[in-house]
Structure formats: C-alpha cells, structure tokens
Amino acid sequence: MGRAREIRLAYLLLAPALLLLLTVLAYPVGWEVWTSFTDLSPLKDGSTSYVGLANYGRLLAGAEFWQAAFVTIAYALVTSVAKLALGLGFALLLARPFRGRVLVFLAVFLPWAYPAGVSVIGWYWTLNPPTTTAYAPFMGQLKFVVDGAFGTGAWAFVSVVLFNIWRGSSFIGVLLLAGINAVPPELFECAVLESKSAWRRFWLVTVPLLKPFLALAVFLSLTSAFADLANVWMLTAGRIVFPIIGTHAYFLAIKAGQFGPASALSLTLVPVLLGLLLVLFRYFDPPRQETA
Amino acid sequence: MAQVMMKDLNKKYDEVHAVKDVNLHIRDKEFIVLVGPSGCGKSTTLRMVAGLEEITAGEITIGDRIVNDLPPKDRDIAMVFQNYALYPHMTVYDNMAFGLKMRKFPKAEIAKRVGDAAEILGIQELLKRKPRQLSGGQRQRVAVGRAIVRHPQVFLFDEPLSNLDAKLRVQMRVELKRLHERLETTAIYVTHDQVEAMTLGDRVVVMKDGWIQQVGEPLELYGKPANRFVAGFIGSPSMNFVDVTVADAGGALWVETAGLRVKVPPASAGRLGAYKSQHVTLGIRPEDLRVASGSDSADYSFDTVVEVVEPLGSEILLDLKAGPNVIVARVDPTVRVKHSDKMRLALHSERVHFFDNKTELAI
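Chains as they are written, first to last, in the numbering used here: chain A, 1 to 292; chain B, 1001 to 1363.
Heads up, some of the hints might be wrong.
Once the Cα atoms are required to be at most 27 Å apart in a straight line, the calculated DSSO-like pairs of lysine-lysine come out as [claimed, not checked]:
id, chain 1, residue 1, chain 2, residue 2
1, A, Lys-211, B, Lys-1012
2, B, Lys-1128, A, Lys-211
3, A, Lys-196, B, Lys-1012
Read the hints as simulated data drawn from the structure, not as lab findings.
In this text the structure is predicted, and so the values were computed from the model without any measurement.
Make the full structure from the sequences, and use the hints.
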C-alpha cells in the first residue's frame, strides 16, 4: 500500500471519532463562545447583534460576578479538602479486613450510589425533619443561629456544602480504596517492618503510592465543585442566596433569558479547569519512562 | 547473629488451621529453608517470625528475646519479598536506605551502608535509577540490598527467586549462597522449589498441611526420607511408588505385585518382617534404576516395556511399564531404546525404600 493511501485510510478510520468530538464538544463550545459575544436573548425582538467583549466587560465590572467567583472558590476548596480527608479515611478504614466490613462499605458507598434526587430528599429531611421530635426544634435552632451570625441563606449554603461533602467523600473513598487495593500489599508490609509509627508510614509510603489516585480525586472534586449546579439547585429548589458561578449562569440564561452574559460567565470557568487539568494530569497519568 | 526458636507454634484463621504445632530450633548463622507445596504453612510461619501475622499459640524467640508481642520493627529482622516490594517512587538508593531512614540513622552512616551493600551486590551504577528501569534480577538484588544494609539478626526470604526466569534463578541462587557465606547471618528461606531448598539450605524443613514432615540436611532428606510425602517431594523426577505385598519364600522376604518381584535387601528385612503378607509401598528413585546387565542378580531386577523416551542429553528419562505399574528410570545417555522395546531393569538394592501404607511412614 502506498504511503499516501495509508494516510488517507488513517484519516478515514479516525473520521467517526473526529465527527463525534466535533458534534458533542467543538460545536456546543463554539456556539457558546459565539453567544458570549452577542446579545442573543429569547426575550428580545429583532435581530441578534454582535457586542464584542461587552458581556465580559460588564461581568468583570459587576460585584455579582466577583461575589459568585469568591463563593465558588470557597465552595470548591472547602468541599475538596473535606472530601479528600474523609474519603481517604474511609479508604484506609476499609482497606483492612474486619468484622462487618461489608456493612461499613455499604454505608460509605450508599450516599454516592443513590440517585442524587433521593439523596437530596434524605439530606433535606436530616436537616428539616418531617416528623415532630426533639431533634426537629434543635435543627431549627441551629439554622436560626447560623443565619443570625452569617446572614439569611448562610445555613442553606452550609447545608449544600455538607451535602456535597457527604456524597463526594463517598465517591472519593471508593476511588481511593481501589487505589489502595491496586498497590501490592508487600509495599505496605515492608513499611510495617521498618516503622511502628503509622503516621510516618502514611506520609512516606501510603501517600506517595496513592499519588495518582489522590491527584485524580482532587481533580474530580475541584472540577465538579467549580461547575456545580445540580447540588445547589436541588437542595435549595432555586432559592439561592449565595450563588456560585454555575447557578448564577443558569439563573441568567434560563430565568432571565440573558444568553450572552450567561455564556460569558460560564466560559470564565474554562481557564480555571484547563489549568487544573494541566497541573494535575501529570500526577494522575505520569509519563511512562523507558524500562530496562 | 542469633538463633531462632519456634515452640508449639500454631496459626489459626477463622476456618483454616494453617500452622500446626511447629517446633524448630534454627541455629545461629544457619541457612534454613522451609519448603512444601502451596498452602503448607511455610509462608505463614515466616510471616509470624516477621510479625506480619499474629501468633495464635506458641512462642517465637529470636536471640534471647521472646518476640510474640514485639512489633515487627523491633524484632531485628529484614525481609525480602517475592515481588521485590520496591517503592516505585523512590530511587534504588532511597529504596535501600528506606529502613535506615525510618529508623532515623545518621545520613553518613546510611550512605556508607548503602555503598557497601551496593558494592557487594554489584549494583553501584544503578543507585540513581528508579525500580521500573531495572530488570527482574537487578530488582531482586536491590531488594536483597535493602535487607543487607539493616545488618539484621535474621534474614527472612519469602520465595525471593520465584519471579525470575529459570536461568537467572540458578544464578541468583548461587549469589545468595555466596552472600550467606560472607555475611554469616541466620537466614530463614521459604520456597516451593525443592531444588532451591536442597542447594541453599544447611538444613531443610519440609512442610505439608501445616505440619513439619521432616527436618534435616539436604542429603539426609534425600537418602532417608521420614515418610512417603518427603520421599516424593525431594528429588526430581520423583521417587517411584509401587504398592506391593510382602511375601515369605524360601526363608527370604520378597515384595511382589503383578509384573514386579524383588527380594527385600538384608538391611530392611528385619523391619519388614512384621509386615508379612501385608501391603506396603515400595519406593525406588529413578536414578537408582539401571539397565540390567548379565552380572546383575535376578533378585533385584525385573522386566519392563518402554513407553516414553525423554533424551535430556546428560541422561535419558524412561517411562516404563512393569505389568500395570508405571516406573520412571533415569539411565545413561548411551542407552538406545525406543517405544515398546522390552528392557530388564536392575535396582540399587541398598537404596530402596519401604513405606507403611497406613501411616505413610518409612519402614
């Protein structure tokens, strides 16, 4: 076969994959980028006009964006740190055999395995008990105290954070458990022979060996928090006092019909996510070095 | 340097009794090999010495300390694992220094010990590499190096050569033996390979189903196996076993079965007297058989038919049939035979073994 024909064949074989990427990735992103430069709106009569960077300009000049950005970052950081700590704890707990391990595994994994909608109801009832017990007034009191200290809506936001941690640590726990199970047990045993301190073994052996899984966990946790909408929306039913970028963009587009600014707002997340990906990708998919 | 004592050692898991009443005195500077098929309890025994498994009952003493309740770190042992257990994120140097670093040795001392060990093992030029850049043999050397630098009282080896290819295994076996002669540290070595056990061990412990079957020097195990299991396990190809009846004919004892009848050698006749007209197991090693010549006594030879010929170069292995009994013989490479040839075999009369059919113990 001639080289030119081989190359043609290669492109032909790649075509379905390229087509798929173009349809599900390039086209919607391209459309969103274009929209962010226009005043496209279903509420507006007449033609759509190109407005250049005006949407971005207004965004960066407004306090709403900065507030949403700040809340988003805080949300992502707080939930990620907590999810990672709890998830790692679950994984380490479940990595060793003990009586009732299966039950603990179920308890850890269920929050994630349940449909989000069901988990939300469970969580909502935890915070707002549907039956009258001594517990119900206590939760009401707690909401009152938190809202009193940090402003109305603070308790709702705290509950979103806790919900995210609850579900997310479940997922990260299972991910890291798979990571621990992928490490030959001798590597941990070898450390046991050399040190009594579980703390030293954890930092010198467990953490480095789990690095690829930890990096993946950090990446998934941060990106899901940065781009979150569902958790906040479901739990607050849209009565959002502290919007994050995802919920604010949704509000602008769907409730206010401002497609242009909403697109611009969503796109501000792209550089952040790309940056995260570039930094963390090296850790969870390290370049293969030559073997002997 | 230290001796290791195991006293009535037992290990029970929920449903499995993995190690049963093991009593073993390993002398100072001795190289002892635990050998047996998988599931015989050899690795569990080793791991109890290391402290990686809890002791269900009994006592282990290293040096003059009972170590049952000592954490692994304080038992002054160093272990080499089958899959090397090198840390992929550390260089060879850091891997070898790992135990010393964990024990907070001064940097200069660590450098000196790692340097010395690397020299002994010939891996000086690998110190900056990562484990994935090494071959299997090099990795195993690093794993051994990591144990050496600790200057432990006892080395524990858990099937360290099993992941290497056959040629490298033979080479590393020799190196380990040389290393032991140089370091003179007590070593407990676990393997399922009887050749490794025989070549490395000062003494060999054969285990099966959690029990010790026999403890002895390699040639003692080979020459005087305590029971049928040890007889079949040690030596390759395995000993031939034939079910025979003890018969008294003309004032002498014979053992016989269809297709095979040989006289009981005088040395065994006394002990076999008690088995008259009972079944026993006759054991003959393939290397104790030869093609019969005119000078061989008819008392110690029998007729066979050749079934399979395996020419190995230095020797020929023959699968033969004596009546219904399958016999393997290891004969001189100059013997020229082919399938279904008739052949008379003679046996080395001082080297036949007899086993009680019920207890399987040597008679």
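Return the numbers of the hints above that this structure violates; sort them in rising order. 1
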